[in-house]
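Q: Each chain, letter by letter, is given below.
There are 2 protein chains.
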Amino acid sequence: MTKWVYNFGAGKAEGTAEMRNLLGGKGANLAEMSNLSLPVPPGFTLTTEVCSSYYDNNKQYPDGLDKQVEAALASISKAVTGKFGDSADPLLVSVRSGARASMPGMMDTVLNLGLNDQTVVGLAKLSGDERFAFDSYRRFIQMYSDVVLGVDHGFFEEILETFKETQDHTLDTDLSAEDWKEVVTQYKNCVRQELDQPFPQDVMDQLWGAVTAVFGSWGNARAETYRRLHNIPESWGTAVNVQAMVFGNMGETSATGVAFTRNPSTGENAFYGEYLLNAQGEDVVAGIRTPQQITISGKDEQGSVDPALEEVMPEAFAQLTEFYKRLEAHYRDMQDIEFTVQQGKLWMLQTRSGKRTTKAALKIAIDMANEGLITEQEAVQRIDPASLDQLLHPTLDPSVARDIIATGLPASPGAASGKVVFSADEAEALNAKGDKVVLVRTETSPEDIHGMHAAQGILTSRGGMTSHAAVVARGMGRPCVSGAGAIRIDYAKEQFSASGLIVKKGDLITIDGAKGQIIKGEVPTIQPELSGDFSTLMIWADKIRNMKVRTNAETPHDVQTARDFGAEGIGLCRTEHMFFDEDRLIAGREMILAKDEAGRRTALDKILPMQRQDFQEIFEIMAGLPVTIRLLDPPLHEFLPHTEKDIEEVAEASGLDVEGLKTRALALHETNPMLGHRGCRLGISYPEIYEMQARAIFEAALDASAKTKQPVTPEVMIPLVASKPELDFLCERIAGVAKKIEQERKVKLDYLIGTMIELPRAALRAGQIAETAEFFSFGTNDLTQTTYGISRDDSADFINDYLRNGIIEQDPFISLDVDGVGELVKIAAERGRATRPNMKLGICGEHGGDPSSIAFCQYTGLDYVSCSPYRVPIARLAAAQAALSNTVTSSQD
Amino acid sequence: MTKWVYNFGAGKAEGTAEMRNLLGGKGANLAEMSNLSLPVPPGFTLTTEVCSSYYDNNKQYPDGLDKQVEAALASISKAVTGKFGDSADPLLVSVRSGARASMPGMMDTVLNLGLNDQTVVGLAKLSGDERFAFDSYRRFIQMYSDVVLGVDHGFFEEILETFKETQDHTLDTDLSAEDWKEVVTQYKNCVRQELDQPFPQDVMDQLWGAVTAVFGSWGNARAETYRRLHNIPESWGTAVNVQAMVFGNMGETSATGVAFTRNPSTGENAFYGEYLLNAQGEDVVAGIRTPQQITISGKDEQGSVDPALEEVMPEAFAQLTEFYKRLEAHYRDMQDIEFTVQQGKLWMLQTRSGKRTTKAALKIAIDMANEGLITEQEAVQRIDPASLDQLLHPTLDPSVARDIIATGLPASPGAASGKVVFSADEAEALNAKGDKVVLVRTETSPEDIHGMHAAQGILTSRGGMTSHAAVVARGMGRPCVSGAGAIRIDYAKEQFSASGLIVKKGDLITIDGAKGQIIKGEVPTIQPELSGDFSTLMIWADKIRNMKVRTNAETPHDVQTARDFGAEGIGLCRTEHMFFDEDRLIAGREMILAKDEAGRRTALDKILPMQRQDFQEIFEIMAGLPVTIRLLDPPLHEFLPHTEKDIEEVAEASGLDVEGLKTRALALHETNPMLGHRGCRLGISYPEIYEMQARAIFEAALDASAKTKQPVTPEVMIPLVASKPELDFLCERIAGVAKKIEQERKVKLDYLIGTMIELPRAALRAGQIAETAEFFSFGTNDLTQTTYGISRDDSADFINDYLRNGIIEQDPFISLDVDGVGELVKIAAERGRATRPNMKLGICGEHGGDPSSIAFCQYTGLDYVSCSPYRVPIARLAAAQAALSNTVTSSQD
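First to last, the sequence lines map onto chains Z and E.
Quick note, the first sequence lines up with residues 1 to 893 if you use the working numbering.
Quick note, the second sequence lines up with residues 1 to 893 if you use the working numbering.
The hints are all genuine.
Put simply, identical chains are the same to the list, so a pair is met inside one copy or across any two.
In silico lysine-lysine, DSSO-like type, Cα no more than 30 Å apart, as pairs: (1) K662 <-> K433; (2) K748 <-> K59; (3) K59 <-> K746; (4) K662 <-> K645; (5) K746 <-> K606; (6) K505 <-> K595.
No wet-lab data here; the hints were simulated from the structure.
Take these sequences, add in the hints, and give me the full structure.
A: Here it is as structure tokens:
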């Protein structure tokens, strides 16, 4: 008999933290805390296997589950007083989701379950607080009806508003126990009216309804969006946790809070958190009331006047301090803790590795390694390489005066400028059009995720550092200012006001998430200072990795940036702009439009000295490091003159006639330029182009070497090769140029000739191609396009349909498709090395900066990855992590 | 020491017919005839390995070659009287090319080599004919100077013309021995003047010059074109044959001729040939004089008044008759023979398998099998499948009156209509623009090959049935009328006249190559009657082959044609035209341009009954045979309205606004539509389209089955699949439609769902895809495009550069690329069958009708090939040949 249900609580549990895949993150950690003898309200977990089985079997639960749930309910009753459904001593439970990976707020939750017309009376008696009991009951009816029964929460809100009006109440706290009883009656009537059946009174019916709703919410749109953004496979499923309720809202001796064992924003090693007196846990996270600090030092730092938990409940605080230290030491990582104090007693509701900013993550990892809590290798593994992006990009220039409109909480660091928008949909729409936006909301909820992702930054007028907006923004790496109470948002007028100023939709603002500032207009940015922690981590990573990291760069500025970020050479120097940059566009166009070889040579003679200069600068910056130069690749018509005026300019410069130019331009048009006359096909049709480039490269190499006194060994790369004869044809010509220069200058040239592997045929014929090619560089952008038969330019339309329908789990242009494209890379690597055992292999597609693709490169035995300059540190870290794990994940589709 | 030189002649030879690859066709057959004790002028062959070695070693001959040549020259002198370079008893030789495959007239030849100022005197004495000797010398000087020394033959022609004018001579025959002596002097002066050195007098210098020129001619432009058209690899090289000269121009007891052992036009089992008295062999082939018939029956048939060889030289004829019978029996094939009678003695100069029309090839193969000379299997192997094309296409409607302008020789059967052009270049240019042309020339030469290929038919005013035009046209399968002496061509005015009528460039004419007729205007065509030989061959082929042959067809007319040609099902029924044919274009466009699913469904409802009707017709014609239907595949924007009027029509029909339609049309534009939103991607974005098609197919299957009383099992094919999840998504929907129809009609539906394999990723993931797909059909057009990264629409530009530079040997869109695309097909077949052992595998790309690709399909174990209707018989024959050989040729590039 499969074990579907795992108990926890009361100082022991059937599960452990290691059983995360089966019990979900929450369930595994509740079990672990129980085993650590922390005071966890008892409960049980329905495993993720129940979820899979449920979805695989047409939404039927597996046999035997019901018996296991009944037994588990019984064992809760052994651990605490109260019995599920007992009208005298009722046990209430919460029903919550818990996936393998944290998906905060994405799935449904039901609290206070087990209340009905009888048990609410029992609860009133037991707690001695009738008002609390009926308030809890009405909350339960609303939540359950909304989540499980599908009755919109708007109905209940309207009933309550109307009731308050008729009774002349303003606040919920004005309502008495009798009032709540009346509201409960009206709520139940509403359910009966909407559904034609009464609100369920049978507590077991309630339980199964809630469990089914939570499993069902795994498939809701919010959860799907979140999974897509965070690459969480649909097949994982969620677990469901059923746990005895504890109440932080049983009066002034009760409280509820969220805390981090270290500062999640800066990484500082100081306990940090927020709490609310007489409140339920959801109130803190939802950001409805702005909470108080847990520690006195936190309170001082924020300049808050509200008392800290440390002052209000010193005993509970002392216990909490002991527990958080134990938890951090046990998990060997910064923890995000939820707790409730019910009438003076502290209960631990959750622990998990806390989300943190990249800056904090770096500091925590380095500190913990220095503290001896983790090893250097573990520290390297702790940082998500992609998150480094946040540190590397420009920040606001401190020397520029800021026109500060208002200040809120520094909820997620970084700076962002953009047009103000007030809805998530609008943020997404404008972003799709290329506009940068800042999303401004009173507070955010899981429904806003897509807009937060689309925005450069997020600003809220309510909610603390642990509010939804703050947590999600930090996870996404988006700058966020939260709880900026000084701004007043008017959704109807699409504007907000602060300090007497009106900011309308579309106005530019800047937010500084590290300082909590909201600034008028766009503030210029500067290169960030990288912290010592960053350097330390990079040094540790470099010790571990065995793949080199090069860069894709061609302008002196980018080449220098990449070098500063630690690039160990250039893996892809594109040469397109060397033909078609503004100062040489006319000569470039003259070359394209020439009627014959003689005309092309005339134009090429003009371009040669410019390209030689380009290459020389690059060689000098990269002094001594390898530089791979790709000869002209793109379809020529991309650079055609489009307007009459352009054509006339070219005609004048080249002495050709306008009509002839137009005819030639028309002849160059292609139906599918991606698969057209480009790459080495240009070199074969017009060898003089590649000959000119070869000359520019070789002469520049000699000149740069003379100047820097460092040897320069250029790597000449032929694009879009499909067969060995293509390469042979071009190699012969390039070698001819080299020989000529050797004779002219009486020197010996050192160079390599290699090829991009970016066509399926090239991968298959790599064994033959390697007879001529001295290196391979995998151009995985084009290889993905041809292997999948998908044009990246045209894929936006249907890739979204694919993601939405779960047909692909990741955009293959972002993360390398290991199963398809990856197999071709593997085949090419094997066949190439079979012919030429010491062949240098690298990747220069954009996947070269994607951590999971880098893991694949390590696994496949490539020598280096090459990526854009800002991705170099990411790649260095990812390569180190890849060297440590050396595994690769297949999607098996 | 490598043997570079092989002797032949005098009743024995060092080589045999089997050594064709080493000795070339001509050399091998000269050796074989020698071994058969036929009277072959003695000589020797420099092997094709000499050619390869020459080209591989920077045009240097291998060591030891010179010694072997000298020894071989000496052994000629042993076999005949005369000695090379001996002034008293000179030996003259011919130097000719001889490749593995016949390349008639493509390479250079030098005759009468060995003549100089001394030996010409000796030749005069020996022959007793001073005029003959000096005529031969001037011919030699002209030919040698042109071919070897690069002095244009125009110089010599001008000298001769001027000389004749000053001497008041009209014809060459008017010139005396003294005249020729004077011409020789002038010729030599001309050479000295052009080259600054005298005409070579050293006969060994002459010999090496000629040999080098012949090897060099392997690389000339004519030869390259011919190789490209006939898929002859450049690496084969040519041999060179040096052979003692015999003279058919030594007076009236001498003659030269060309004969076929059976009629090369009809296949009739009758000796057939032409000769010229007192002439050299080149005169017959060049078509300068119209030759006489060899046999009396041939003379009677042609209604000629010139005497036959049978009458003029009965002894030589009798000997020739004996020899040809021996040769045909020995080679077990129809032979093409060249001979010379020198002063009454018959010499055999060449034998080879004769080129023939397809009709003749069929008759000869069937006859020979019936005669017991070859087996049925050999008969099947004797016919080039591609040549069947000639028989299958429509011929002139005999019921239509023909306006006959003139009549010539029926040189190559078939009918052709087109615009008159007078140059090969113009033929090629007009053909490239899509015009059909008939090339009209006085005579053709190897320089005209490209124009003959581009023309629908060829008409010459001079030359016989064995003239260049006739031989090449038969080889190409082009209709040809030759020697139409009644037409007079005026190249300058670009017109010809006949029967008082002027036909200008661009006028339409028709030629009937089977009857020799030239007809004014375009004559309508009818379906050809296929001969009994054709049916017999097909029956024999069908007994042998084990792959099925299906067709790619979707209109009732094409489906019926294919069935008549023996198609065993439909391998690819495209459905594009079922959306966008004239009568449904508006509904189709309405579907594309709909803003949402509801709009699409409205349009689809209009299309459903039409498609159901289409499918029903197809199922009825193919009653009981399998029909594979591909769901909508192409990018939608192909069918967009382009003009304002089109857009307005769609707006009116659909009730949508014009501006909205324009916006949507713009949104559908794609950069690379081949790699865009098409194939199953449409089905995933708009499942309602495929659901409608599935309904049309299933309902039509039930209706057709009810009508024909035959079971119909439609095969639903999903295009452009890259992964299993795509297929799963669509399968589920199609199965849903099937289930609905089963409920509606209370029946059980039989159907298969399969997929195209046309993307590299699909081939690699075939193992997973086969878990869902019930069949695979290889779409090798698109698979070639993606594997090579070449858009077929855009490849014309550079594919020619590739062919010209020898980078590819064949256009991969015509013949399947075995090494690249083929490996993916093989991988997919293996992985697919590993998952689903009985998986049906077929090919539906255009390669399915290409014989060498069919051989690959056999080798790879496919179940069927599918091709266009007219290719079905070709595929049946090619499949039989593939079953017999079961090998495949790799290009190894």
